[in-house]
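Asker: Now for the letters of each chain:
2 protein chains.
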Amino acid sequence: MHLSRYFLPVLRDTPKEAEIVSHQLMLRAAMIKQSAAGIYSWLPLGLRVLKKIEGIVREEQNRAGAIEILMPTIQSADLWRESGRYEAYGKEMLRIVDRHERDMLFGPTAEEVVTAIFRDSVRSYKDLPKNLYNIQWKFRDEIRPRFGVMRGREFLMKDAYSFDLTKDDARATYQRMFAAYLRTFARMGLKSVPMKADTGPIGGDLSHEFIILAETGESEVFLHKDLLHEQVPAADTDFFGDLSGIVERWTSRYAATDEIHDAARFEKEVPEADRVTARGIEVGHIFYFGTKYSAAMGAKVQGPDGQLVTPEMGSYGVGVSRLAGAIIEASHDANGIIWPVPVAPFEVGLVNLRSGDAATDAACADLYRKLAAAGIEVFYDDTDERAGAKFSTMDLIGLPFQLIVGPKGVKSGEVEIKARAGGERETLATEAGLNHVIAAVQAQRSLV
Amino acid sequence: MHLSRYFLPVLRDTPKEAEIVSHQLMLRAAMIKQSAAGIYSWLPLGLRVLKKIEGIVREEQNRAGAIEILMPTIQSADLWRESGRYEAYGKEMLRIVDRHERDMLFGPTAEEVVTAIFRDSVRSYKDLPKNLYNIQWKFRDEIRPRFGVMRGREFLMKDAYSFDLTKDDARATYQRMFAAYLRTFARMGLKSVPMKADTGPIGGDLSHEFIILAETGESEVFLHKDLLHEQVPAADTDFFGDLSGIVERWTSRYAATDEIHDAARFEKEVPEADRVTARGIEVGHIFYFGTKYSAAMGAKVQGPDGQLVTPEMGSYGVGVSRLAGAIIEASHDANGIIWPVPVAPFEVGLVNLRSGDAATDAACADLYRKLAAAGIEVFYDDTDERAGAKFSTMDLIGLPFQLIVGPKGVKSGEVEIKARAGGERETLATEAGLNHVIAAVQAQRSLV
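Here the protein sequences come in this chain order: A and B.
One point on numbering: in my numbering, the residue at position 138 of the first sequence is 138, and numbering is uninterrupted.
One point on numbering: in my numbering, the residue at position 106 of the second sequence is 106, and numbering is uninterrupted.
Everything labelled a hint here was simulated from the structure, so no lab data went into it.
Don't take each hint at face value.
Identical copies go unnamed one by one, so any copy, or any two together, can satisfy a pair.
[To be verified] Only pairs whose alpha carbons sit at most 30 Å apart, straight line, appear in this in silico DSS-like list of lysine-lysine: (1) 91 with 33; (2) 51 with 33; (3) 126 with 51; (4) 292 with 33.
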């Protein structure tokens, strides 16, 4: 992509309304633009990141056997009356009356819609297990939306809903999602830790929040330090085999958000040298809730013995748009964002230090072609801005690698390379520099 | 994909509420499921088609230089008050009041949102032209939603909005979208014809509806028969060169929807033998409207001479979810859907006539592996349904090619091939049959 043909209205100054670094950087890097309180448009650079995040979430859901559907944003209140949630849900639900005076709502979640689909479509235990997910915009009418996409009103969520014949099957499905989430966040360059969450009246131990660690995280978390080095399931994990070992490894040591933190237990279970107190951001939540919705809504299948069975259900959420902010909270410096390769809007930034100079333009065009031919996503600053502004913009938008080309280097057959994360600059012969960058990008595409 | 692990609750009977064939077939083939009047969930098979359509639209928008963004579904009424449309828009607008008693709405279109983004971000003529598009869910509160996704309330639309410095530039942008639309629909296997549309108070000749021809189309259209054989712009068309020749070729002959049809002109301009009267479905609309929104909302850029200029705008819509229905209207038979390869949910259906028979299972597994290795999207019916039901389902869901494997063929080293469109069946040696299907799929992936 050539910057001259792109739409990247970066801001030099930090907008006053942005309180946290991810919000500031997303506005400055022209990733998003507020359109109403807590409601954002995604500009081209931000949308590319959002789609990469969505793509990783999708691949890991598919790998774990979940099947993608797409449910509508607008739901009928009647469905929510069946589950009893319509009256119970507070002011965070955006309630709507249509032209025929029917009560509708903008879905904050979709248990009712998916249970109705299941109820009308699935008749036999032979069709189980089923785990249906969708990646769709949701709305929660927060009283005080803030922190940009971290706590917006309209947000993109991946929500999966599982249906199993027995509690044991439901536990196996839960474990599949557990393992899938570990992979999902690790692939984005994040360190995530599952932490036990409250199960309320449902009870049991099958509810975990996935918290990623970031210095500027929203809440305090407490954990055993070995969890920071625990192994993430590999790509060739058999998701349909027994995953209880993985879950056991990740849940046997202390890890708690401040909401359920128990200082006495922490001190008793974790040797002092192993105690870590850090800041965290919730990016996922998995929850087994049994027959709460299937029973209320009358979803049943015929069991192996001919008797009707009410299926066991769970739900599994990932905050897709929130992750764009969370990754920035976990990976930035004073100059801007530092994207891990798998979620970077482009993989390499190509900086022309003298646009209009025939030799420099030709050298850049050649590098662009070669990078593109190698399958690298290149963002080419071909504008006539001064060098300082170009460097600032490149650092701000945080592409993993920069290739810097000026008239002097063109003469000497050299190119400068900068790795955004470490900031190291290196001058290499052009061909060597090109190959170096291609190899570095390729090596970092798979983090797990 | 293995059917046993998929979610494909096909219906044997035609639901009574479905009046037109695409609606009937989308319900029967388990592509969609109604969740409220005019509001549908997309089940796995339907979502795959929707994503393929979306992908083609996106590629052609990008080729023509448009830049993708994503605007929110919920918009502020204040923006619509700036353009004067909030009060003017009728009951089709879904109006919403949020918890702070602010007037909001579910966007039926996004001229206001995009003009506000432009106004706040673009300062100089040097940044023009800009054409920003998004593919996002819209809502129109139809009084009587019907015909499934063809006239639903919640629908997926690609809407692009262009900003140009001069009327001439705006015309060039319009021509780029004109050519892009011709390619877009042709790539889906559709015959589209641009037909002049009413420009209302704006005037001029820069408004066209793109109508695809289908026997069961919603309205009558009249055209010169040569338009049915007119050439679609090739992939290597220079979209930034002069496209007026293409537009001229496609607009110089008579073509009109019944809304603006002029029988006298038709008879005068078109020799009797060349007159075609057919049924059509609107799938796209492009429209140049000048400074209507930019002037009302105060969007200005600094021109080359330092004076402020109000940019010229146009908008360009494609009914993405509607196209899923429109393609079926144009391509089906008594047994079900007939998908063109580029929009088929899967490219090949593999039918195991004796699931559980070791030799047949092994032969199918081998074919599945080889097809997947060749990059073919395979849908494998590995269930224990009887053969007749399997054939019906395969015909209903309309995959372009079927590979049929039974114990007899396994013994004789043969496989049966069926092309869904023509219905021809052929028995070939297994390896030859496999290669035949792979070649046929690859040949039909690019229709333009």
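Asker: Next, verify each hint and record whether it holds.
Answerer: Structure-based check of each hint:
no., hint, result
1, 91 with 33, "both (25 Å within a copy, 29 Å between copies)"
2, 51 with 33, "both (17 Å within a copy, 26 Å between copies)"
3, 126 with 51, "between (35 Å within a copy, 29 Å between copies)"
4, 292 with 33, "between (39 Å within a copy, 23 Å between copies)"
Every hint, counting from the list given before, is met by this structure.
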